[in-house]
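Use the sequences and the hints to build the structure in full.
Listed in order, the protein sequences are those of chains A and B. Residue numbering for the first sequence is 22 to 219, as defined by our numbering. Residue numbering for the second sequence is 22 to 219, as defined by our numbering.
It is worth saying that the hints were derived from the structure and are not from the lab. Worth double-checking, as some hints may not be accurate.
A pair counts as met if it fits within one copy or between any two copies, since identical chains are not told apart.
[Claimed, not checked] The calculated lysine to any residue pairs, modelled on SDA-like cross-linking and capped at a C-alpha distance of 25 Å, are:
hint, residue 1, residue 2
1, K37, T91
2, K143, H188
3, K94, G190
4, K143, L195
5, K143, L42
Values in this document were obtained by computation on a predicted structure and should not be read as measured data.
If you want the building blocks of each chain, they are given just below.
2 protein chains.
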Amino acid sequence: MATRTDAPTRREQILKEAARLFAERGFHGVGVDEIGAAVGISGPGLYRHFAGKDAMLAELLVGISGQLLTGAKRRLADADGVTPEAVLDSLIEGHIDFALDDRPLIILHDRELDRLRDSDRKLVRQLQRQYVELWVEVVREVYPGLTEPTARSAVHSVFGLLNSTPHLGRPGSLPGRGATAELLHRMARGAFAAAGAE
Amino acid sequence: MATRTDAPTRREQILKEAARLFAERGFHGVGVDEIGAAVGISGPGLYRHFAGKDAMLAELLVGISGQLLTGAKRRLADADGVTPEAVLDSLIEGHIDFALDDRPLIILHDRELDRLRDSDRKLVRQLQRQYVELWVEVVREVYPGLTEPTARSAVHSVFGLLNSTPHLGRPGSLPGRGATAELLHRMARGAFAAAGAE
DNA sequence: CAGAGAGGTTAGCGCTCGTTAACCTGAAGG
DNA sequence: CCTTCAGGTTAACGAGCGCTAACCTCTCTG
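Printed below as a string of structure tokens:
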């Protein structure tokens, strides 16, 4: 996968700034003029790139859910012949990378879902559900004693743990990205282990 | 502590419904008319009880933070001569009770803080910080190997885990309140233990 | 029984917001 | 060189919002 070297398109600029603003002050708390100003154009100019404010949020949320799911599927495919433990570690690692590198998106992801149009919301929910089920299967391979509902609750709880990074203070106050990632990883494994030891 | 048997006051009705609506659709997503309708009066009638919509949110958030902190302090005071482990268990239990019984408030608590006036926000932040520090101290007694920043990160992460209950589906789909509480408790302890075993 | 105050009502003001309309401009292309 | 069109601009509209004003009506209480 080649890393992009070309400049971001205007659409991408807008999405990035919109994500940041939505995460900071909520979907309804941000005006289109502000989003425009953040990329150097003014309010209505956005409508050359998006059908409306709703469309920006929809594209963001669908994008996030899709990325998470795609990444997890790839990790699962890459892990042929390795232990379930290693697969789970890979999933955790991927989620942590996402949570640490795209904090605004992680915030939006479970905060503004209800502001979507019905069809978009259904799509996002479906992607999220697939992502969860994928985790549930792996977790149950590692901890066969877990019933499916219990495993699902455990997965949701660990997501809560991993997604807590936005509350960990501004990026500077952390003990360093690597250490934080490692701490989160250990805690996630510890939480699963405790759930599995009924 | 006598459990209340008298009917809730109008103010309390309003706060409860406002909390539910704010949690469902966000502070900016709910109109005063809706809040009024939820308690059987119409929009402007609310202003006989609150100075404005902001005041409702402020009272809710200050109330939550204060309740959490007060409860934790009481638990700490009650635990004289017991092991640090037992104190930590008591804190976890209290937080879980809150998360399971007052889900709308838990959602508001870390989602709408930025909509407050400066002075109110500072107050809430201060109460939250005290609550966190209280946990940090207890956690470090149980796991002396943890540095303070690491312990604080761990505490925030466990809050994320415990506060994930809103994502666990509607109250009916859970494996039962008792089982859920027990699962969350075990996972929280497991996460701390993993954090402490550097 | 008069008067006051608590707790409602409806009408409407002023502001903000998302969106559209109409217009402008610079670069590409036959 | 004229046309086209992508990508901007400003003006303005219509809806919805929080909130106030003005008024009404019970229920106490001196």
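Outcome of the hint check:
1. K37 with T91: within (20 Å within a copy, 40 Å between copies)
2. K143 with H188: Between copies only: 16 Å across chains, 28 Å inside a chain, cut-off 25 Å.
3. K94 with G190: So K94 and G190 pass the 25 Å test across copies only (24 Å; inside, 31 Å).
4. K143 with L195: For K143 and L195, only the inter-copy Cα distance (22 Å) is at most 25 Å; the intra-copy one is 36 Å.
5. K143 with L42: Cα proximity of K143 and L42: in one copy and across copies (24 Å, 21 Å).
The structure fails none of the hints (numbered hints given earlier).
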